[in-house]
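Engineer: Each chain is listed here by its residues.
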Amino acid sequence: VTDQAQAVADRRVHPGTIGLRFLKDLPQTLIGLPALFSVMADTGWQYVIPLAAGAATILAFVQWIAWRRFRYGVGASEIVIESGLLSRNRRSIPFDRIQDIDIERGPLHRLFGLAKVKIETGAGGKAEGVLDSVTLDEADRLRRSIRAGKSGMAEGAETAPALAEPAGRPIFTMNPVRVLASGLFNFSLIWVAGLFGLLQTFEPLIPFDIKDPGRLLGLVEENGNRFTLGAIAAVLLLALALGVVSGIVRTTLGDWGFRLLAEGKRLRRERGLLTRSEVVIPKRRVQLALFRTGPLRKALGLGELLVQTLGSGQGQSGLQSVAPFATGAEVDRVMAEFPRLHLPDGEALTRVSSRHVLRVAIQTVTLPLFVIAVASTQRPEAVAFVPLLPLLLAGAVLRRRFHRYGVSGNLLFVQAGFWKRQLWALPMANAQSVSLSRSWLQRRLALATLAIDTAGAPGFGGPRIVDLPIERARELSALVLAQSSRDTASASRAGDPGS
Amino acid sequence: MDLKPLERGQLGVMLVSSLLVAVPPLVGAAVLLTALRDKTGLAPGPLIAALALLLAYPVLVGPFRRYRTWGYALGEHELHVRHGVWTQIDTTVPLRRVQHLDVAQGPLERLFGVTRLVLHTAGTANSEVVLPGLTRATAEAYRDDIRAHIRQEPE
Chain A
1 VTDQAQAVAD RRVHPGTIGL RFLKDLPQTL IGLPALFSVM ADTGWQYVIP
51 LAAGAATILA FVQWIAWRRF RYGVGASEIV IESGLLSRNR RSIPFDRIQD
101 IDIERGPLHR LFGLAKVKIE TGAGGKAEGV LDSVTLDEAD RLRRSIRAGK
151 SGMAEGAETA PALAEPAGRP IFTMNPVRVL ASGLFNFSLI WVAGLFGLLQ
201 TFEPLIPFDI KDPGRLLGLV EENGNRFTLG AIAAVLLLAL ALGVVSGIVR
251 TTLGDWGFRL LAEGKRLRRE RGLLTRSEVV IPKRRVQLAL FRTGPLRKAL
301 GLGELLVQTL GSGQGQSGLQ SVAPFATGAE VDRVMAEFPR LHLPDGEALT
351 RVSSRHVLRV AIQTVTLPLF VIAVASTQRP EAVAFVPLLP LLLAGAVLRR
401 RFHRYGVSGN LLFVQAGFWK RQLWALPMAN AQSVSLSRSW LQRRLALATL
451 AIDTAGAPGF GGPRIVDLPI ERARELSALV LAQSSRDTAS ASRAGDPGS
Chain B
1 MDLKPLERGQ LGVMLVSSLL VAVPPLVGAA VLLTALRDKT GLAPGPLIAA
51 LALLLAYPVL VGPFRRYRTW GYALGEHELH VRHGVWTQID TTVPLRRVQH
101 LDVAQGPLER LFGVTRLVLH TAGTANSEVV LPGLTRATAE AYRDDIRAHI
151 RQEPE
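First to last, the sequence lines map onto chains A and B.
Heads up: the first sequence is residues 1 to 499, going by the working numbering.
Heads up: the second sequence is residues 1 to 155, going by the working numbering.
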């Protein structure tokens with residue numbers, strides 16, 4: 001698209017919108033009326049009608065202003081939307097980025113013969129442009145001109161590519177034994193916490209006071225015979241058992257009969273005991289792979305493989321588990337479906353800067369140390385907490401051991417976490433933006449945190465490398481940007497079945 | 001990297017908006033302290049002065065520092081934005097990753113003659129990258145420039 005003709009926002013939505021929005025807001029206003037009446041009870045009823053009329057007039061006036069201030073226009077290659085009363089906003093949405101044009105008609109819309117047009121670029125969950133409301137003809141015209149403007153977009157290209165390969169080829173399945181084993185590792189401490197909450201609720205029935213953690217931890221004297229170590233052990237065991245059972249139940253409900261099928265250019269996942277869920281993952285929409293494991297699972301050579309997809313239309317956005325509990329060989333087999341992705345294969349990953357430990361030490365130990373110092377001026381026994389500080393340091397050292405990164409061809413690997421070990425494999429071309437942040441302390445230690453934003457990531461918690469040496473962070477950032485911002489069309493899609 | 005500073009008008013926007021945040025509570029506190037003078041037995045003058053002094057840094061010095069940390073550079077393939085006083089954040093957006101663009105102006109910004117350019121990407125944590133403090137003409141020129149990068153990708 002070379003046409004750079006300016007799109008002019010010269011159209012307004014249908015004037016009927018004013019009436020429509022007015023009617024839509026009316027219920028809220030009606031709810032306010034009883035309040036009005038209660039105020040009016042003293043001043044007399046004759047004011048109620050004029051006041052209500054006044055309120056309605058103001059409401060209608062606001063809607064009229066909003067209508068006047070909202071303008072849109074369709075150019076040769078983009079749609080522009082101007083909005084805002086005090087704060088003016090002019091949005092440009094290029095046709096080439098538009099994934100979906102939805103036309104929505106509620107009962108009120110039908111009453112007015114109007115339609116709401118939602119323009120989505122497939123970036124987030126919500127529509128990026130909403131025209132509320134235009135006539136049906138106008139909605140149709142918009143849809144047609146946007147489709148025509150989109151260079152080479154075949155209508156309905158998104159749907160039904162599957163017919164060529166009707167029966168999917170299973171690439172990963174879980175039998176009942178596997179599901180139960182997986183459940184064992186889904187042990188969750190939340191349930192233990194929940195149990196203690198429950199105990200607190202039914203406290204009168206329990207032969208000891210669980211509110212007092214000091215006594216719970218072994219002060220036997222006060223309650224003598226009733227409060228024993230055996231009771232504590234029983235409670236902890238019960239909590240543990242509950243944690244294990246709940247993990248198994250949750251996993252069984254969710255992952256029963258897990259099947260991942262390859263169907264040409266997409267994968268299909270089915271799972272679930274009571275509710276069978278089915279998710280389609282178009283390979284070319286896959287942004288990155290994430291391998292999750294823990295210390296024990298790692299020792300057994302097991303882990304979970306997920307892929308992050310950018311959703312649009314029928315495809316779901318976010319992280320999708322494609323192998324919840326798999327051996328290394330099984331993970332490799334699933335990964336083979338994505339020719340452009342692979343997990344580090346003998347490539348040594350580099351640890352982050354050794355100054356990471358120093359920074360974490362300063363940040364985590366300073367405050368407790370200060371508190372202890374202040375407390376010890378009043379109560380000298382506070383010094384007893386000092387031996388706990390090395391534990392915090394040990395945690396920092398451990399975390400650094402497991403925080404690594406590496407580059408292999410077009411891929412960036414990031415590993416983080418000790419208990420929850422995560423390993424990202426990200427095609428650098430898929431980076432949406434790159435942030436390099438340096439806190440005050442990091443600047444003093446010549447460190448930086450590199451965060452790479454990717455499409456379809458679940459809120460926060462994407463690939464982030466904390467405490468790289470600053471020059472290394474700059475190099476890495478430049479490397480990622482070089483692949484992401486240049487037109488390397490061939491490398492832009494991770495899951496593209498190459499050749 | 002050579003970064004361009006924001007327009008001076010943005011400093012005005014930052015100053016006035018921090019004043020708008022700080023002054024009403026200060027006035028409220030002053031009124032309250034004066035009204036309750038008999039009850040508390042405290043002289044309101046020194047207290048109000050102390051409060052004003054406490055607010056002086058974030059309100060009068062803070063905006064200058066924040067303004068100075070902002071900088072940006074529009075390259076051939078990417079937009080680079082830096083800001084942050086305590087934690088400095090350098091964000092780089094590859095222009096071909098931009099999904100859509102906003103040129104926005106609030107009432108204060110209109111008063112000081114500056115405009116905001118907002119780049120939306122398909123990312124999540126950082127899907128909106130804001131570049132404030134541009135003249136309207138610059139913002140529109142940049143928008144057109146960036147839009148030229150958005151072309152059909154092989155999907």
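None of these hints come from the bench; they were simulated from the model.
Note that the coordinates shown come from a computational prediction; the quantities given were computed from them, not determined experimentally.
Heads up, the beta-carbon is just placed ideally off N, CA and C, and yes, glycines get one too.
Among the hints, erroneous ones may be present.
[To be verified] Far from chain B, some chain A residues (derived; all Cβ distances over 10 Å):
(1) L26
(2) L86
(3) W419
(4) L481
[What the hints assert, rightly or not] Covered by chain A, according to a simulated footprint, are these stretches of chain B (three or more residues, beta-carbon under 8 Å):
(5) 75 to 84
(6) 95 to 107
(7) 121 to 128
Engineer: None of the hints should be skipped; say for each whether it holds.
Structural biologist: These are the hints, each one checked on the structure:
1. L26: For L26 (chain A), whose nearest Cβ neighbour in chain B is about 29 Å away, the distance exceeds 10 Å, so it holds.
2. L86: At roughly 5 Å from the nearest Cβ of chain B, L86 (chain A) sits no farther out than 10 Å, so the non-interface label is violated.
3. W419: Answer for W419 (chain A): holds, closest chain B Cβ roughly 23 Å.
4. L481: With a cut-off of 10 Å, L481 (chain A) comes too close to chain B, as the shortest Cβ separation is near 6 Å.
5. 75 to 84: holds (count 3)
6. 95 to 107: holds (count 12)
7. 121 to 128: Answer holds; 7 residues pass the 8 Å Cβ test.
The earlier numbered hints that this structure contradicts are 2 and 4.
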